[in-house]
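Participant: Residue-level listing of the chains:
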Amino acid sequence: MSQLGILSRQAARSTTANVNQRLWRRMLPYLLVLPTFAFIFTFTLFPTLNAIVQSTIQPGNARIPSRYVGLQNYADLFNPSSIIGGDFLRILGNTALYIGVTVPISIVLAFGLALLLNRKLQALGFFRFAFFYPVLMPMIGAGSIFAFIFADQIGLANTVLRSLGGVGIKWVGDANWTLVSIMLVAVWKQTGFFMIMYLAGLQNLPQDVYEAADLDGATIWQKIRFITLPLLQGTTLFVLTTGIASAFQLVDQLYALGEGQPNQRSNLLLYFVFQKYNEPRNLGYVNAITVVILAFLLIFTVVNFVVWERRTYYEN
Amino acid sequence: MRTHHAAPRRALNTFGTLLLFAAALFWLIPLIWTVLVAFRPENEPIVTGNIFFGSRLTLENFEQVAMVTDWRAHYITTIIFVVGVLLVQLVTITLAAYAFARLKFWGKNLIFGLILIQLMIPAAVLIVPNFATISFLNLFDTRWALMLPYMGSAFGTFLMRQAFKQIPLELEDAARIDGCGWFGVLRHVYLPPSVPSLVAFGLVSVSTRWNEFLWPFIITQSNENRTLTVGLSRVLRTSEVGALYGQITAGVLIVILPLMILFMLFQRQFINSFVRSGLK
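Residue numbers (the working numbering), protein chains in the order written: chain A, 1 to 316; chain B, 1 to 280.
In short, the hints are calculated from the structure, not lab data. In this text, all values refer to a predicted model and were calculated from it rather than measured experimentally. We put the beta carbon where it would ideally sit given N, CA and C, even for glycine.
Label pairs and their calculated CB-CB ranges:
#	chain 1	residue 1	chain 2	residue 2	range
1	B	Leu169	A	Tyr30	18 to 28 Å
2	B	Thr238	A	Asn204	44 to 54 Å
3	A	Ser163	B	Asn13	29 to 39 Å
4	A	Tyr30	B	Gln267	37 to 47 Å
5	B	Pro8	A	Gly85	52 to 62 Å
6	A	Ala96	B	Thr17	32 to 42 Å
7	A	Lys223	B	Leu169	41 to 51 Å
8	B	Pro8	A	Phe300	41 to 51 Å
9	B	Ile177	A	Thr16	17 to 27 Å
10	A	Lys223	B	Gln267	27 to 37 Å
11	B	Arg237	A	Pro104	26 to 36 Å
12	B	Thr238	A	Trp177	22 to 32 Å
13	B	Pro8	A	Leu298	42 to 52 Å
14	A	Arg67	B	Met264	52 to 62 Å
Kindly generate the complete structure, drawing on both the sequences and the hints.
Facilitator: Right under this line is the structure:
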């Protein structure tokens, strides 16, 4: 009897041990994922939802309470005659212009430089440093240097222009030139990153295709046009999305170069948010602009994904 | 046929190298210019004296800019920020990546998908709601506020998951038979061959954090919690009246020097890391 009791007690102990172990094994994946998920939930997912909710609210003040206004904030943004709409639409246009100019130019330059670098070269290290160091510079530092290069009287750009017999340009301060100078900084900053991506792509290309093309007597341009570019489509798509995404995040350079002035003529989306984030009365608008930026990013990511999927589908 | 083509091809090659060299010099102008201006007397026109050294070489700009803000505090904060974030990231991404690469659990794809959303939403865009969260947590103007938003990384999790998936399952099984628990397996089977991925992630993380500006700028107030980039922005604003470019360029050099030296020493590793970060 007593022996049986000991046995059943042992059995009971081992089943609890088993249950505990099984529970532990089932919980383990969640525990492993929890820290990452918790951080991302708190600082990416929740704030995204928060911005969406806040964007439907018109902030009140001491006398009027905040109230739900539906999509009114968005309607104001896209209405040129509202208090915010004029500025917002102009800045949206600036952002589009900025993307339309800087991204294609950077891509063409990067591709050209990568082609030139993808040969037997001496001093490869020097060239890589020269084109890639801007990537590792803080934007605010790059902006500061260029603020000086574009300075009216003593800046390098105007010194060179004047010594060539031209007249100096008021780079920062003249509405038309401020955006140009910001675009120049962007091209200088991102081309090196695009270039190393293309270079990596070029180095992975199959050589036999080129040998076959050589046998057929293809010219260099034909090879680039009909072999290299199509094979590097994936890289192009990647640098394109990176360029567009970073355009929506640009703040630091504007802080150093003109601050979007005069009259918002050189301003870009996120810097506009940055200028207004601590004005309580604009909170609804600021959140609505945040959501607009998020929507653009989402659209570009989805388009990228769809194009990518279709491309691999055709390839297979 | 080949000899017929050789001469123009060589000419084209030389032309290409010259073009490359010209472009490289053009790209280097801002850096060279910065160094030149930082070591010559303040606001001396470029035409005065020797083109490279001006009328004389001087450290005055560095002495002046040292008084504008507390660089020592900025350096300490930046290092704590960069290293602190990296250490936490390395732990969180490794744990999560192991679960996503090798464990089966309910809701795995959903959770992974939610985490990947971070890839397309850069932290900078969410400054407004994150500012609200940090204020709510009563963490405004603390080093925690600087670091918290960067501690979970979808990109790192994804990168490590890819690395772990390459490791043959048989190795894990063998280690299990030898009595390893999940931690032993992770430590002895998965981590050693994944070190290159960790290094790649680390270099990208360190260089982006070092250069971060917007978030540190809005979430801190006191000098001891501000990073180098924010210190630099202060130089930019205080000298605005007279535009003291000698001080600004000296400040830029103070901020970029560590990263530039590291880049010169480990050029290949840096570039490979960035390439790898692009091949998500």
